[in-house]
Amino acid sequence: MTTFQRYRPAVLLPFLTILAGACHRGDDPTPTELSVTGTNDASATPTIVPLAYTPAPPTKPLGADFVFDLDNAQYLPTPAGSPQVLAPWAPTASRAFSDDMRDDHKQAEGWAVVYSTFSRSASFSNPYIVLYNKYRGLLRFYYYSATDAPTLRDHNALVSTVKLEGAMASSSPLLSFADQAVVDPTTNSSLASVLEPQALGYPMWYATQIELAYDPNIAKASFNTLLLRWELAGAQVTSLALNNASFGTTLPVGIQAPGVDFAKTPSYSGLVGLRLTGPASLAKLQQGPFLRATAERILLQYSTDAWYQGPVPVMRAGLGAQVYLPTPAQVSVRTDVGLTNPILALPGQDNSAVAGFTPQYNEAPGVFFLADRPVVVAQRLASGERPYTYSLDASSVKYLFNPAVQTTADIRHVTQEIVATAAGADLSGTIYAANKLAASQELAIQGVRVSFDVVPKAGNSPIIHVTKTFKASIR
729 MTTFQRYRPA VLLPFLTILA GACHRGDDPT PTELSVTGTN DASATPTIVP
779 LAYTPAPPTK PLGADFVFDL DNAQYLPTPA GSPQVLAPWA PTASRAFSDD
829 MRDDHKQAEG WAVVYSTFSR SASFSNPYIV LYNKYRGLLR FYYYSATDAP
879 TLRDHNALVS TVKLEGAMAS SSPLLSFADQ AVVDPTTNSS LASVLEPQAL
929 GYPMWYATQI ELAYDPNIAK ASFNTLLLRW ELAGAQVTSL ALNNASFGTT
979 LPVGIQAPGV DFAKTPSYSG LVGLRLTGPA SLAKLQQGPF LRATAERILL
1029 QYSTDAWYQG PVPVMRAGLG AQVYLPTPAQ VSVRTDVGLT NPILALPGQD
1079 NSAVAGFTPQ YNEAPGVFFL ADRPVVVAQR LASGERPYTY SLDASSVKYL
1129 FNPAVQTTAD IRHVTQEIVA TAAGADLSGT IYAANKLAAS QELAIQGVRV
1179 SFDVVPKAGN SPIIHVTKTF KASIR
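Position 194 of the sequence shown, counted from 1, bears residue number 922 in our numbering, the numbering being contiguous throughout.
These are calculated hints, taken from the structure and not from any lab test. If a hint is listed, it holds; no wrong ones were tucked in.
Below are the DSS-like pairs computed for lysine-lysine, each with C-alpha atoms no more than 25 Å apart in a straight line:
(1) Lys788 with Lys948
(2) Lys891 with Lys948
(3) Lys948 with Lys1126
(4) Lys1199 with Lys891
(5) Lys834 with Lys788
(6) Lys1126 with Lys1199
(7) Lys834 with Lys1185
(8) Lys788 with Lys891
(9) Lys1164 with Lys1126
(10) Lys992 with Lys891
(11) Lys1199 with Lys1164
FRET-style restraints, in silico, Cβ to Cβ:
(12) Gln1134 with Arg957: 28 to 36 Å
(13) Pro783 with Leu1109: 50 to 58 Å
(14) Gly809 with Ser898: 45 to 53 Å
(15) Gly998 with Ser849: 45 to 53 Å
(16) Gly1152 with Pro811: 52 to 60 Å
(17) Gly1152 with Asp769: 25 to 33 Å
(18) Ala801 with Gly1066: 25 to 33 Å
(19) Ser974 with Ala1106: 37 to 45 Å
(20) Ala1021 with Thr1136: 33 to 41 Å
These numbers were taken from a predicted model, which means no experiment stands behind them. The beta-carbon is built from N, C-alpha and C at its ideal position, and this holds for glycine as well.
Can you make the complete structure from the sequences, with help from the hints?
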């Protein structure tokens, strides 16, 4: 099977040809062979929905006893006479999470403190820190465990599950990026779960993160109508295979499956998203050479003939990415140790009257969303070598870019294209992507892939390349 190679484009390619099968020059395709051509129209224009920026809603500021230097702190605030606590990024801190996240916490790269329960005046049980990255739309949860439990030391994985709760949970798309591989703008997710290779230990820092979608209506919600619950639990992976390669009981990187809560799912077979966060995640894929090679192309942003979704910092070997690569998997897991489950008020709402801890960064989260499903027009011609045609109505791709992001960054190189596979195939195999496709056989339209660059106005921040695929309406 041959296919074209795709590079991260600055402009759309004028013409792409994709040929699947073993056709020889001058031969007509046989009924078992699939021939596909793709054309990109640089003049096709999507719809950028104009949204006005409004200042962040009010919130309740933390006292000075909670403040620490996000960029440089090696220890976190603790009361006098209490044991010191190393920051999760300190060189000698005990960490269960990936080295890809260790040094990725600088304010110049978009990170801000949303929550911290570390104080010089009081100690709180189950302490945590929550950061948000405004250029990547990532919400990161650090949890510090100082409790020793020798009987749990054989738990080699962490289940991280986030849930939206409240009367407005079903109407918010906030978790749609974190849960759905192909995002349906008309169907919101209220749960997202990831199985992570973070073994239980003492004392230990854990870290997990999700990508939030932009909800243009979040300012209308309140803590009483829309809140986030973040549950962490210890787990044992009892068997794992990825892309037909056995990994035994070793989970190399985080995995996620739409709608699956690994805290309540002892076994799963099907497509998962392999989470790639940078060079350290690549090193963990040694047992799957095919997966490693594909993952490397994605993180380096070249020859991206594989499907994936998520933000990737450019020119840093993918360090700081949060992308998912679809892979067939079979996993068995036992989850039986609850660690913590705090309820968090969401940034973007009026949090001035919320009791307890409130967001210190209170701009609306998320980089973007789409207002509706994009439209793909499908036709079957009466004759021709490739009678099955598919055209993207570019104007139907209606972007909702977060105005808060655009106050400190520019959105550039916006592109959109149909993503299709052979009938009966899924996104883990060969994909065909262009504005217009013509095929000798009927294709399965998997969705419309959109991509763009978030270019911070401050010159010392990396450019973020964002890619998402949305479910399409076929007409």
